[in-house]
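J.: Chain by chain, the residues:
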Amino acid sequence: MEVERMLGDLTRGVIKENALLKLMIGLCSALAVSVKVENALFMGMAVIFVLTSSNIVISLIRPVTPHNIRIPIFIVVVSTFVTIVDLSLRAYFPVIYARLGVWIPLIVVNCMILGRAEAFAYKNGVVASALDGLGMGVGYTLVLLVMGFIREFIGTGSITMNGNVLFSLGAGFEAPTFMITFPGAFLTFGLVQAGLNKYEEMMNERAARRRTSARGSGTGVGAGA
Amino acid sequence: MADVRLTVSVSPHIRSGETTQDIMKWVLIALLPTAVRAATLFGFTGVSVMAIGVVTALFCEVIWHNLRVGKGRSRTWGALAASLVVPAGASFAGLGTAAPILTTAVMLAFIACEVWMKRKGEAPHVFDGSAAVTGLLLALVLPPRVPWWIPFVGSFVAISLGKEIFGGLGYNVFNPALVARAILLLSWPRYITAGWFKALSVDITASATSAATNAAVDATSIATPLAVARATGGAGLAGFYLPLLWENTAGCVGEVSGLLLLIGGGILIWKRIIGWEIPVTYLGTMAVLSLALGLDPVFQVLAGGALLGAIFMATDYVTSPVTSKGRLVFGVMCGALTMILRVYSKAPEGVTSAILFMNMLTPLIDRSLRPRPFGVGGSGGGKNAR
Numbered sequence: 000m001e002v003e004r005m006l007g008d009l010t011r012g013v014i015k016e017n018a019l020l021k022l023m024i025g026l027c028s029a030l031a032v033s034v035k036v037e038n039a040l041f042m043g044m045a046v047i048f049v050l051t052s053s054n055i056v057i058s059l060i061r062p063v064t065p066h067n068i069r070i071p072i073f074i075v076v077v078s079t080f081v082t083i084v085d086l087s088l089r090a091y092f093p094v095i096y097a098r099l100g101v102w103i104p105l106i107v108v109n110c111m112i113l114g115r116a117e118a119f120a121y122k123n124g125v126v127a128s129a130l131d132g133l134g135m136g137v138g139y140t141l142v143l144l145v146m147g148f149i150r151e152f153i154g155t156g157s158i159t160m161n162g163n164v165l166f167s168l169g170a171g172f173e174a175p176t177f178m179i180t181f182p183g184a185f186l187t188f189g190l191v192q193a194g195l196n197k198y199e200e201m202m203n204e205r206a207a208r209r210r211t212s213a214r215g216s217g218t219g220v221g222a223g224a
Numbered sequence: 000m001a002d003v004r005l006t007v008s009v010s011p012h013i014r015s016g017e018t019t020q021d022i023m024k025w026v027l028i029a030l031l032p033t034a035v036r037a038a039t040l041f042g043f044t045g046v047s048v049m050a051i052g053v054v055t056a057l058f059c060e061v062i063w064h065n066l067r068v069g070k071g072r073s074r075t076w077g078a079l080a081a082s083l084v085v086p087a088g089a090s091f092a093g094l095g096t097a098a099p100i101l102t103t104a105v106m107l108a109f110i111a112c113e114v115w116m117k118r119k120g121e122a123p124h125v126f127d128g129s130a131a132v133t134g135l136l137l138a139l140v141l142p143p144r145v146p147w148w149i150p151f152v153g154s155f156v157a158i159s160l161g162k163e164i165f166g167g168l169g170y171n172v173f174n175p176a177l178v179a180r181a182i183l184l185l186s187w188p189r190y191i192t193a194g195w196f197k198a199l200s201v202d203i204t205a206s207a208t209s210a211a212t213n214a215a216v217d218a219t220s221i222a223t224p225l226a227v228a229r230a231t232g233g234a235g236l237a238g239f240y241l242p243l244l245w246e247n248t249a250g251c252v253g254e255v256s257g258l259l260l261l262i263g264g265g266i267l268i269w270k271r272i273i274g275w276e277i278p279v280t281y282l283g284t285m286a287v288l289s290l291a292l293g294l295d296p297v298f299q300v301l302a303g304g305a306l307l308g309a310i311f312m313a314t315d316y317v318t319s320p321v322t323s324k325g326r327l328v329f330g331v332m333c334g335a336l337t338m339i340l341r342v343y344s345k346a347p348e349g350v351t352s353a354i355l356f357m358n359m360l361t362p363l364i365d366r367s368l369r370p371r372p373f374g375v376g377g378s379g380g381g382k383n384a385r
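Chains F and U, in that order, are what the protein sequence lines are.
Position 49, counted from 1, in the first sequence is what numbering that gives the first Met the number 0 calls 48; the numbers after and before it change by one each time, with no gaps.
Position 63, counted from 1, in the second sequence is what numbering that gives the first Met the number 0 calls 62; the numbers after and before it change by one each time, with no gaps.
Note that these hints are calculated values from the structure, not bench results.
Ideal Cβ placement from N, Cα and C applies to all residues, glycine included.
Do not take every clue at face value.
Unchecked claim - Cβ-to-Cβ under 8 Å is the rule here; a few derived chain F residues that face chain U:
hint, residue
1, Gly114
2, Glu117
3, Gly171
4, Thr176
5, Thr180
6, Pro182
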């Protein structure tokens, strides 16, 4: 029971309540950063770290947080972790840091993080909040990776990681630069969202069919229902 | 009284016998003079751009229809895969020049097979002609010398992202052909903003070609005379009047002749396929604004994609307002936006952006200029009306 609930906290953010595709929050950075798989990966890791840590801390300081000024307190906590990420990236991955640019400091005002603090961490225990932050962060990262893969692969014809070309469609492929522009980001996001909705619809239909067929064959009564 | 049988039904109660097929047929007829003229001027390149555009649009429409209805899934996916694998395979095998022919053959074979299978039974709305119109319009706003896969990809984009993804004909927000053009322009700017060439050898736009390729370019048809006008500051443009009306300027496939476009527009207005409001206000606003800005009004109206846009693109049923008053507003704003973009933006032309932007505002125009139902409201108030 307890494990089941923890598992639910962890997996909820991945697909069922995916911040980007379902709640549609935190979109701004996602559209901007998903231009390359590499950027998406680092941005995703930064968000996972900030989200999990800030959820833990906000959940911990719940008893001493005055209700009226909770939002500024959340922001201070979030910005602390964002500063850690910012300085670490600048020290260890200067190239990535230069490319992600303003989007790392802007994690502070990412409504996904503040949203989880307000909606979940402020109302739940430490373990649940940590799992929720981790799950939400992983969901965000997955969408970013998918979008980054689509956009980089179609928009440039190859996937580059750390300066190495992982695979490429060859010089003969004239890549549509539309995909690495902002309109392309919106288009990719819409298509990924549509794809997920279609997939879930198919899964639901299949589950419903299985349920009715199981009931029908089991008792012979379900046919009329 | 009790014997009277009343039928209760939802509106609309008055229908015309006019079908989508009829409308699209007349649009195609109106485009025919321009298409034929382009074919004779540009030869094989012009014909192939138009043919690939139309065939791909039809092909894509059939695929969407089959997938939506859920019939013939496997053969539809197979045909889609074939249409993509064949050109890729051909170019890998060093048969790059055969790729367009092979691909067109695959698509035509699939379309023919579907037509044959649907011959009896259901009335296939798929072949109502709207896809053919979209494909042809897209081809007409492309430069004549583009790689064959530009109209191929463009028609796919027009039908899939411009139309079907919104739910098909009647549900699209933007003009499909212009959506495709905008995406092609962002994707392969060097093909869409270059590739102009003079149709005949009279050398009136010799300097224009280089000017056009140098200019940073926006949407519809930076027809090269516009680039010239920008480069020279608008002097001596009267020399362009005749070439713009009848052949002989560098421009998109469908911009070879203003006269034939006007004839097409005349046919459409005469057959009441389109109202006069949008083309007249669109071009009229452009003329008035260019006078106000000290530009040559005749040149501004004739040059670039203004005629094609005002007559065939802005009047699209689905993406333009339904009421007469709304159409007036729509046309005026399209014309004003076009002139603003031509004069103040970096690019020489702005018809595509202007029409796409106004497509976005169409629901707003329709909502705010709703006609007053008979007998409701009015100046005298409900009771004392009339």
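J.: Given Gly171 (chain F) as an interface hint, is its Cβ closer than 8 Å to any Cβ of chain U?
T.: holds (7 Å)
J.: Are Thr176 (chain F) and chain U close enough, Cβ to Cβ, to be under 8 Å, as the hint says?
T.: holds (6 Å)
J.: Is the hint on Gly114 (chain F) kept, meaning its closest Cβ partner in chain U is under 8 Å away?
T.: violated (29 Å)
J.: Quick one, is the Pro182 (chain F) hint okay against chain U at 8 Å, beta carbons?
T.: Holds, about 7 Å.
J.: Can we keep the Glu117 (chain F) interface hint, with Cβ of chain U closer than 8 Å?
T.: Given a least distance of 34 Å, the restraint on Glu117 (chain F) is violated.
J.: Hey, does the Thr180 (chain F) contact hint survive, CB to chain U under 8 Å?
T.: holds (6 Å)
The earlier numbered hints that this structure contradicts are 1 and 2.
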